[in-house]
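**Student:** So you can see what is in the structure, the chains are spelled out below.
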Amino acid sequence: MSINPIPSLPTPAAATFRTQKQERFDRWWIMVAAVVALVLLLIFLKPDPYKNLFLFVRDGIWRTTYITITSFALVAVFGLIAGLARLTKIKIIRGIATVYVEVIRGIPMMVQIIYWYFAFPAIVQELGRGLNIPSLMEFRPDGIVMAIFGLTFGYSAYMSEVYRAGIQSISKGQMEAARSLGMTYVQAMRYIIIPQAVRVILPPMGNELITLLKDTALVSAVTIPELTRRGREFSSANFNPIETWTMVALLYLVMTLLATRLVAYLEKIARYER
Amino acid sequence: MEPIIQIKGVHKYFGTLEALKGIDLEIQKGEVVVIIGPSGSGKSTMLRCINRLEEFDEGSIIVDGIPLDTAENINAVRTEVGMVFQQFNLFPHISVLENVMLAQQIVRKRDKAEAEKVGMALLNKVGIPEKAKFFPGQLSGGQQQRVAIARALAMNPKIMLFDEPTSALDPEMIQEVLDVMVALAREGMTMVVVSHEMGFARACAHRAILMDAGQIIEQAAPDVLFNHPTHERTKAFLSKVLH
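Chains A and B are the protein sequences, given in the same order. 1108 is the number of the first residue of the first sequence in this note's numbering; add one for each residue after it. 932 is the number of the first residue of the second sequence in this note's numbering; add one for each residue after it.
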């Protein structure tokens, strides 16, 4: 009977990982440059309709960016709060957080956004009539505010799971060591657990950012003139769906690729800082 | 003189399992106590109750006159009680020196210069000042455990708890950790040590305790307990551990 040869050990993991990372970093910048070049090429070589289209949707690009950045900043904070709430020993808080996450994850994002924009103000108005409070009867929130609110409320649930998994990935001994030195729970989180969890959390957090960026297209359903809605307006006025949606798709691609680069950069910093 | 640690009637349950079945124990200031016993006997659990890393269900523990009841008292006790873990539990994201400095700065509120001075002095004491700027992952197990001892000492604790400090170490690294512990014992530190290092027990301990099934079975001076055990369970355990 022959004995299978022992497979040779891979080269030290850390070293290969790092060089691969470095190479990918460069290659992906070429991709970004290629897509940007394609957009510019279309605009300069065929100004009708591409240049007109670009100028038309430009405010939509800014609005999409604004909604993404604002929502994501809020999601980063509320997701952490919800994530910590899911880890607390206090049963009632943990219960509320768990119900919140399970409910949100079970409802399509599109429905949630529509709910916050159309149903929620109507509920507040009903309540105002019932309780006879004039200010509530007149409740008509700004559309973009409700869109950001809806995205934040929904994405915080997903983000809380990212934080929770990241914090749980740090061994229990770390918290025990910190507490045994007299640190409070908050100090232990701030100085010991979260700095270590960040490295685990960053990659899935980057995914959330990119998914959120793409899901801002959903708020076009509630009349917010962001990139997708502006594209639809242009397309229906000029009857050129191929050109319009090609351009819109490319513009989203530029944004998501840039976001990916940003996340990769942050991951790199977190790794080298140790 | 009042004992520095007073444990009275402590019971602890893990679900339906009774891990501690009424522990009574008093430890004097300056005493070195070694706890031995089979795995699952509750020795680590009892040790972890002393700084309330483990909650207990009945009974009381008073450390240096402070009862372990409110969150504030528990934290007050923790600042006075250093702990060394089997798995070292150094903070891997900061340097060795920062490991020793951090709690001094945020709990003891020492300024950076003072914390660094204390930290370097302690790294000297445990024999690895040259590793100050390294990260814990770059150190051997024995070196990491010595840093862990320095980290606990940086808080100027009155009591040191050791939870199987050499069990995760390669044999050739055990002695360097024990040497640090012996030096500490000679200085008069109050120490409670869960360990099967009989050599350490004989050299330094004032008292050895055998635990089994959540109870203290027998306690005596180490030589007496190891050489002339009276209880059957002590004899049975020692016959497996010695030689």
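Where hints are given, some of them may not hold.
Claimed, not checked - Computed, partial: chain B to chain A, Cβ under 7 Å: (1) L978; (2) N982; (3) N1004; (4) N1006; (5) M1051; (6) N1055; (7) C1135; (8) T1161.
As the list claims (entries may be wrong) - Computed beta-carbon distance windows for the label pairs: (9) A:A1226 x B:F945: 27 to 33 Å; (10) A:I1230 x B:G940: 52 to 58 Å; (11) B:K960 x A:T1177: 43 to 49 Å.
Rather than coming from a laboratory, the hints here were simulated on the basis of the structure. Positions of the beta carbon are idealized from the N, C-alpha and C atoms, including for glycine.
**Student:** Grab the minimum C-beta distance from L978 of chain B to chain A and call the hint holds if it beats 7 Å, violated otherwise.
**Tutor:** violated (11 Å)
**Student:** With a cut-off of 7 Å on the beta carbons, see whether C1135 of chain B makes it to chain A.
**Tutor:** With a closest approach of 22 Å, the C1135 of chain B hint is violated.
**Student:** So, M1051 of chain B near chain A? Judge it on the closest CB pair being under 7 Å.
**Tutor:** Hint violated; M1051 of chain B Cβ to chain A Cβ min 18 Å, cut 7 Å.
**Student:** How does the Cβ-Cβ distance of A1226 of chain A and F945 of chain B compare with 27 to 33 Å: does it lie in that range?
**Tutor:** Violated, at about 48 Å.
**Student:** Does the closest beta carbon of chain A sit nearer than 7 Å to the beta carbon of N1006 of chain B?
**Tutor:** Holds: closest Cβ of chain A sits about 6 Å from N1006 of chain B, inside 7 Å.
**Student:** Hint T1161 of chain B vs chain A: min CB-CB distance below 7 Å?
**Tutor:** violated (35 Å)
**Student:** Does the beta carbon distance between I1230 of chain A and G940 of chain B stay inside 52 to 58 Å, or does it fall outside?
**Tutor:** At roughly 56 Å between Cβ atoms, G940 of chain B and I1230 of chain A fall inside 52 to 58 Å, so the hint holds.
**Student:** Go ahead and decide if the range 43 to 49 Å is satisfied by the Cβ distance of K960 of chain B to T1177 of chain A.
**Tutor:** violated (59 Å)
**Student:** If you take the shortest Cβ to Cβ gap from N1004 of chain B to chain A, is it below 7 Å?
**Tutor:** violated (12 Å)
**Student:** Once the shortest beta carbon distance from N982 of chain B to chain A is found, is it less than 7 Å?
**Tutor:** holds (6 Å)
**Student:** Restraint: N1055 of chain B near chain A, CB-CB cut 7 Å. Satisfied or not?
**Tutor:** The hint is violated - N1055 of chain B has no Cβ within 7 Å of chain A, the shortest such distance being about 20 Å.
Going through the hint list in order, the structure does not satisfy hints 1, 3, 5, 6, 7, 8, 9 and 11.
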